[in-house]
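Residue numbers (the numbering used here), protein chains in the order written: chain A, 460 to 784; chain B, 3 to 306; chain C, 38 to 345; chain D, 6 to 533; chain E, 6 to 274.
In case anyone wonders, no lab produced these hints; they're calculated from the structure. Check the hints yourself; a few may be wrong.
[Said to hold, decoys possible] Subject to a maximum C-alpha distance of 25 Å in a straight line, what follows is the list of computed DSS-like cross-link-like pairs (lysine-lysine):
1. K16(E) / K289(B)
2. K289(B) / K19(E)
3. K99(E) / K299(B)
4. K33(E) / K299(B)
5. K258(E) / K302(B)
6. K586(A) / K286(B)
7. K33(E) / K302(B)
8. K286(B) / K694(A)
9. K459(D) / K434(D)
10. K54(D) / K114(D)
11. K245(D) / K219(D)
12. K586(A) / K302(B)
13. K586(A) / K293(B)
14. K694(A) / K292(B)
[To be verified] Selected chain D positions facing chain B (in silico; Cβ < 7 Å):
15. E132
16. S134
17. P230
18. K234
19. T235
20. T371
The C-beta atom is built at its ideal place from N, Cα and C for all residues, glycine as well.
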Amino acid sequence: MSFIIRRIMFYLVAFLVAATINFLLPRLMPGNPIDIMFASAGNTMPPEAKKALAETFGFVERPLIEEYFIYLKSVFTWDFGVSIKKYPLSVMDVLMQALPWTLFLAGTSVILAFCIGSLLGIYAAWKRGSGFDSVISPSALAVQSVPPLVIGIITLYVFGLVLKLLPTSYAYDPSIDPGFTWEYLSSVGYHALMPIGTLAFVSIGGYLITMRNNMIGQLGEEHVVMGHAKGLTDKRVRYNYAARNALLPSMTAFALSLGSVLGGSLIIEIVFNYPGLGNILFQGIIARDYPLIQGQLIIMTLAMLTANLLVDFIYIFLDPRLRKA
Amino acid sequence: MIKFFSIVMRNKKATAGMLIVLAYIALALAAPLITSHDPAKRVARPHQAPSVEHVMGSTRMGRDVYTQFVWGTRTSLMVGFSAGLIVTVIGTLIGVTAGYFGGVIDETLNFITNIALVIPQLPLLLVLAAFIGKSDPFMIAVIIGLTSWAWGARVTRSQTLTLRRREFVEASEQIGEPSRRIICIELIPNLLSIIGFNFIGSVVYTIITQATLEFLGLGDPLAVSWGNMLYNAQTSSAITVGAWWEMFAPCFAIVTIGIGLSLLNFGVDEISNPRLRTLGAINKAVKAQKKFDQTYKSAKGAAS
Amino acid sequence: MTDQPYLEVKGVSKTYTLKTIFSGSKQVKALQDISFKLGRGEALALVGESGSGKSTCGRAIAGMFDIDAGDILVNGKSITSARNSKEKRENARKVQMVFQDPFASLNPTHTVRHHLARPLLLHKRVPDGKSLEQEVIRTLEDVELDPSVMLDKYPHELSGGQRQRINLARALAVGAELIIADEPTSMLDVSIRRSILNLMNRLKKDRGITFLYITHDLATAHYLTENTAVMFGGRIVEYGPSDAIVRDPQHPYSQLLLSSVPNAHTRINADFEHARDFSKFADKVRKETAESTAGLKEIAAGRYVRAA
Amino acid sequence: EDVILTAVPHQTTAFAEVYNPFNQTSDVRSVRDFMFEQLVVFNRMQGGKPEYRLAESFDYSEDLTSVTFKIRDGVKWSDGETLDANDVYFTFNLIKEHPALDTRAIWDKLDSVELIDDHHVKVNYKEASTGLIFDVARLNTVPEHIWADVEDPVSFTNPNPVGSGPLTEIRRFTPQEYVQCRNPHYFQADDLDIDCMRFPQIATNDQTLTAAAKGELDWFGSFLPDIEKTYVAKDPENHKYWFPGGSLVIFNLNLNASEEGNKEAFNDVNFRRAFSMSMDRQAMVDIAGYGYPTINKYPSGLGRGYHAWNNPEADAQYGQYTEYNVEAAAALLDGAGYKDVDGDGFLDTPSGKPIQFDLIVPNGWTDWVNTVQLAVEGLNEAGINASVSTPEAANWTQQLLDGSYQAAINALVVGVTPHMAFDTFHSSKAMTSRFSVTGYTNERLDELLDGFFKTADADEQREIMDEIQMILSKDMPHIPVFNNPYWYQYNTARFEGFFSAENDYAVPTVHDGNPERILHLLSIKPKS
Amino acid sequence: MTQSERFLDVKDLKVDYMTLDGPFRAVKGVDLHINRGEVLGLAGESGCGKSTIAYALMRLHRPPAFIAGGDITVDGEDVLAFDEETLAQWRWSKVSLVFQSAMNALNPVLTIFEQFRDVYHRHTGKSTAEARARAVELMELVGIDPVRLDDYPHQLSGGMRQRVVLANALILEPQMIIMDEPTTALDVVVQREILQEIAGLQKKFGFSILFITHDLALMSQFADRIAIMLQGEIVEVNSAHEILHNPQHDYTKKLWDAMPSFEDAEGVA
Ligand SMILES: Nc1ncnc2c1ncn2[C@@H]1O[C@H](COP(=O)(O)OP(=O)(O)OP(=O)(O)O)[C@@H](O)[C@H]1O
Ligand SMILES: Nc1ncnc2c1ncn2[C@@H]1O[C@H](COP(=O)(O)OP(=O)(O)OP(=O)(O)O)[C@@H](O)[C@H]1O
Ligand SMILES: [Mg+2]
Ligand SMILES: [Mg+2]
């Protein structure tokens, strides 16, 4: 079996397994979504109406296996049913509304973090042992071990509430109509500044450290010394000889975090009231919106798998050794 | 143990990290001795600023922040270390087994690991924590432990694979050592730094994640923990009403323990990874070379 | 040669399948129909170009993987015939491997004592703890190391030569009767190579240990072994008494190999054209040897050559 | 220049367009009342005074088994069509056909609806009631000429809403904000001084506070910590709030508790009284509730909002049991034979069984969790072995409903009269909803509760209510602690005419579920 | 021998490695010279400091190594006095280096041609087409089909890679090539092929070679003069013939002794 076929098999099975876990999770846990829906509202909804509603949401008593197949079918037809929280909107509608924001927010910040972190890492390794290195590397580490939550709260407080420099909420100024106008786009950028900054900030450290360590490894390699011996400029040796090779392991981390992008910004979205998937998921969890949670986990898993696929291809692209056996 | 400390002391970062971690461990152990209040009881007026009586002030509910901070250390360390232990044990077991036996066992375990890696972690944790309901700190530790081993397993596996190709493993097989012994006696000691790395990393991750879950209100609100301190500070809008100390204490705690553990890890990595080990020497050598170049040039300049 | 050879390799083949990214799989024929015999207390050298399957052959005999075809008999018994784990262990005991890299073959986290005590314990060659200690000391003395300073040292505290001696000692501790030495000196400093070779030679002569000596170096092969097999591309191209092969190689590849061994007394030919010619010639020999499928032919008593 | 009022009736992470007034979960919470009006609003602050909306009046039949609504003349839908009794009739039948739309389950108690003529609809009850009208009149009438063609009214999103309320036109809609503007054909246009309402998306209390402190919100209701400091102080002239008492917070002791000792204790009125006396209600209000709730020391749980109904006799006889007094509680228990038999430091029942229970409170309902913690402090002090347990809200509901809980904090929805809250003790209601889970029944009480709406005579009702209060005060089947606040804050920088403690005309909240908010909207005027 | 004939002149070179316990002197004051067109062999056992010298000559030593003293003169120029840019320009155009293992000396992610081109660009500034022409010329010179230029290193065999490195070292026609165990990883047949190639090229272009190996036999086949190194010091320098036939230092004798030759045979006839 060739590598590609094996990988594809892996992705398929992984997807199925994830989908199955997804299916079982809510069913194994206590709590009925319809009850939750009205529990906090203090609403006096009678059992009849609840039952009628339950049927609308597809909560019909059926044998588990039958339900499983219906579920599988829905997964493969991209029909996750109706959201409970956002009824009567379909899960897909709800998710698609939030998806672009999360992609934008988390995607931008991951890419930013990766670029900045890697560049700093390359430089720290190049100047290893120097003042720059011995300040930046432990700091990177420190930043990496601070929860995004704390940084989020602090930035929100400092820049949003005390200095009042940046908006503390929304993806854009609500009074502006979305469209391809400068006003709208700049507002989107302005509102994304703080969440993106925070998200990028917390993950720079990881990339920096990985890159630095890989790079230090590479710098000891003979082809790098040969690059120097050939009289190439430092820049060329640094990037084309050392960093290019050191990048490979970092790429894995990068692609994997691209994969977890859809869930990774959850905390930040909540803190900054950003209308992304994470926020939706959290609300969904609180409201026991099973269809929504399931749809979302599936999409996240899929993103993760796609990212893995991406890693495979990036590797093949960046490392000629893998192109042919 | 003594050896470990002496290794750690060789590296400034590791030493700093070690000191922080030890300080927290001491705090956790001495909690009953160094606090005089009940962390879960009202002992002051709401939102009292730090004073002699309440060195870190009081919470909105009138609890002593300092006492909560100290007792929270217990919870956080307990959660962190137990989850770290679970993660490390599972990860090491799976990683070593897969790496050592290879073949179908490896394919199977590796497959499971890869699946565990692609299932989004934080969301899964959130869902589990929410669904399990009353998620006291220990429960959270178990959930995190059971869902976060994959990364460690993968790293351990790849390291085992490298080790497995080392001839001393083959030599042990040759003399007829049983697999169990090869794994425990020959392989594991060589994996200690990776295992340690995995353990400390998991502890940091767990402490952060637990705090996050609790902050989101998915923990047990009765537990005295840093995450709940954050949560309570958040629900009482402590910062907005000017009671910064209620928010500051847990933030400070989480950040410093995180930094402490990471520094320790970083330092241990520098020590155990030969490529990183010599960084101090490198810096000195660079300086020495610069000095030589200068004297050389000035000597030549003077000569010509 | 005694009547019953200690080791008999009969038509052994091994093919590795490499998995590739895009296309299907690729097959490497590491061993093709290898046969030879080796008497007790004798030594056989496996020489040949890099990648010709020497190590694979050694590992096959050490039972480190299953062969695709053929049979390997140790002391007249097939190594695959073991029915239970006890027999298997007994088989494994008799054949031990000493690896090329003396550092990598010792566990950096354990002392010399551990490395020697384990095999002794495993094969129950000691009745109690005290005699274990004595046995460990004896083994160390066998390889000419001073037990009083060696026992509690870690591998990184030893020199390359000392490490390689420990490796040999371990094989002895197990009770090996056949030692497969895969380039045991190639990682050692030149000045200590000789002493390891001498040690092996003594073990062979005094203890009757059988050696399969895998090497690049024809001179050391000649020094240590009675017989030499020249390998190319997974096959034996020539087999016979070491001396005869060194003095009068028959197969073109053997000739090429021998003519390439650096000789301090002849200056290298610095003629550019000559270099090109040699290269062309070497390519030709390699190509022809690779393409040929002929079997071994006995051309003199105990001398076999494959038709070119 | 339009007059735009900014309000936050609901916290959400994103708006999605749903203008179906029967939808209970939509994030667009300005559909009911503002887009679709009700027949009659009963003003709770005015003792249930009817405020006629789409109906101009209603009349009971002699035997109180049917009521006839006269629909206001000249009301038009926002598309210019006439609204008349046909639409009302249509709507009643619509929710009959689709029980999922009948969110107040009125068709359980209705027999039929008759269309008398274009202006009259007659609703026939299954049995006599003067209370059912509170639910029936809340019907949000929808236009027949539109809804008759809707295939599935349950999942209908009503994308182009045609309504009867003051604000029917959606001028702008984004997930982060929408603006709902004037109905060109509004029947009460003269009283409406607001052109549009703007609804910004806000997800948390914190964000509400941020926006409110900046003065961006005119009418909202949210828990704001230390409101004087965080909100009022930002603009003391204009930033104001008023927290009238709302739903009744109580402790439920399960009279059918599975643990023998607990059951014995809970069924002993002395124990319940001691429990009540261990409640530091003031601390609960001040600390757990930031001073916002209204303390409830009525032994019957009546609450200050219904003080007009109060029976002073009940206070005089049983008032002592709602005073915080741990020593008295301990003494009471001691006198009733509660002793620490097993030496665990806590009291056991007179028959020697251990008392030990968790007070369950939904996780995340912070003020309640804190309340329960305070309750436990008092109980422990009185020698009662109680502790806190915080299951998920769903689990909490579940435990209440299946009776597996021992003791719980709970809240009772209050209605136009105190009857609604007290009616949870009606034996027919036992264990049917999470509000009626104590397991206490009393035949006399049933009679009284039934009789209350069988009469339209105020004096008679008053008498009934007096006796109800006496029974509940004496037996104390639940332990009231405070009334949750109605969350209501406002900003007078741009508008005036807000309801307030001085101008307490009606329940002032902007939240969906408060029918009186229409009255409030009509009274708000831009500042001149 | 006149001064001008000396292409490379090293005086009292000291190279230290900084360790955590302070500096460790790996090269302890070495004096060495190579004449124009001469092959100097440097032999000695593993760890005696051969590579350290090789790197130091081109100032390629990297921390923790540092030059602690001495003089290096190449073609009359003081190498230790160069500034960074001059040094970079000087490297490869005057002196190039063939590494211990060609396997690792080529950048795995660049094609063979790209590795020719970047050095050619850097030093001559000439166009890609010219670089191509030069690369083709060199590939032919070392006997590899120029179509392999667009391959990646891993697609070539070990011997081919070693030749590519050699070709690379020749690209700027340097006057000296330092070869640090250029054939250690190869089998004897390939080793001989490469060595003859080098010898041929050296004869053709007349550059000097510093040839490092621990194989004395190999060295005496090829070097004009041989220096024997022991623990950071040069213990004996002499013509190849003298070293072979008349070794002076004990250590040199021991080295010869350590190599069994065919004459040593004790095997059974
Ligand atoms: N585990 C393996 N998987 C796939 N191919 C292998 C494996 N081991 C060896 N080979 C291949 O089998 C062939 C013979 O390898 P072997 O190691 O036996 O050669 P060798 O003669 O010992 O070479 P050297 O002198 O370099 O040690 C080579 O082409 C090698 O690439
Ligand atoms: N990075 C380093 N840090 C400390 N010491 C080093 C370092 N690199 C080399 N050394 C020491 O410097 C000495 C000389 O090393 P060098 O690599 O020059 O030896 P060599 O003669 O080239 O050996 P080989 O034949 O194995 O290549 C050795 O003793 C070695 O231990
Ligand atoms: Mg080999
Ligand atoms: Mg070297």
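Structure-based check of each hint:
1. Distance restraint check for K16(E) and K289(B): the Cα-Cα separation of roughly 23 Å lies within the 25 Å cut-off, and the hinted pair is therefore satisfied.
2. About 16 Å separates the Cα atoms of K289(B) and K19(E), which keeps this hinted pair within 25 Å; it holds.
3. The straight-line distance between the Cα atoms of K99(E) and K299(B) is roughly 22 Å, inside the 25 Å bound, and the hint therefore holds.
4. With a CA separation close to 21 Å, the supplied pair K33(E) and K299(B) stays within the 25 Å bound.
5. About 41 Å separates the Cα atoms of K258(E) and K302(B), which puts this hinted pair outside 25 Å; it is violated.
6. A threshold of 25 Å between alpha carbons decides the hint, and for K586(A) with K286(B) the separation of about 13 Å falls inside it, so the pair holds.
7. Restraint check for K33(E) and K302(B): satisfied, since their Cα atoms lie roughly 22 Å apart, inside the 25 Å limit.
8. Pair hint K286(B) plus K694(A) holds up; C-alpha atoms about 24 Å apart against a cutoff of 25 Å.
9. Pair hint K459(D) plus K434(D) holds up; C-alpha atoms about 18 Å apart against a cutoff of 25 Å.
10. Straight-line distance between C-alpha atoms of K54(D) and K114(D) comes to about 23 Å, which keeps the hinted pair within the 25 Å bound.
11. For a cut-off of 25 Å, the pair hint linking K245(D) to K219(D) stands: about 13 Å separates their Cα positions.
12. Simply put, K586(A) and K302(B) have alpha-carbon atoms about 28 Å apart, too far for the 25 Å limit, and the pair is violated.
13. Taking the CA atoms of K586(A) and K293(B), the gap is about 17 Å. The hint holds against a cut of 25 Å.
14. Of the supplied pair hints, the one linking K694(A) and K292(B) holds, its CA atoms being roughly 21 Å apart against a limit of 25 Å.
15. Interface restraint check for E132(D): the shortest CB-CB distance to chain B comes to about 41 Å, outside 7 Å, so the restraint is violated.
16. A cut of 7 Å between beta carbons decides the hint on S134(D): the least distance to chain B is about 40 Å, and the hint is violated.
17. Nearest Cβ of chain B to the Cβ of P230(D): about 4 Å, under the 7 Å cut. The hint holds.
18. For K234(D), the interface hint holds, the least distance from its beta-carbon to any beta-carbon of chain B being 6 Å, beneath 7 Å.
19. Among the interface hints, the one on T235(D) holds; its C-beta lies about 5 Å from the nearest C-beta in chain B, closer than the 7 Å criterion.
20. With a least beta-carbon distance of about 5 Å to chain B, the hint placing T371(D) at the interface is held under the 7 Å criterion.
Consistency with the previously given hints fails for numbers 5, 12, 15 and 16, ordered from lowest to highest.
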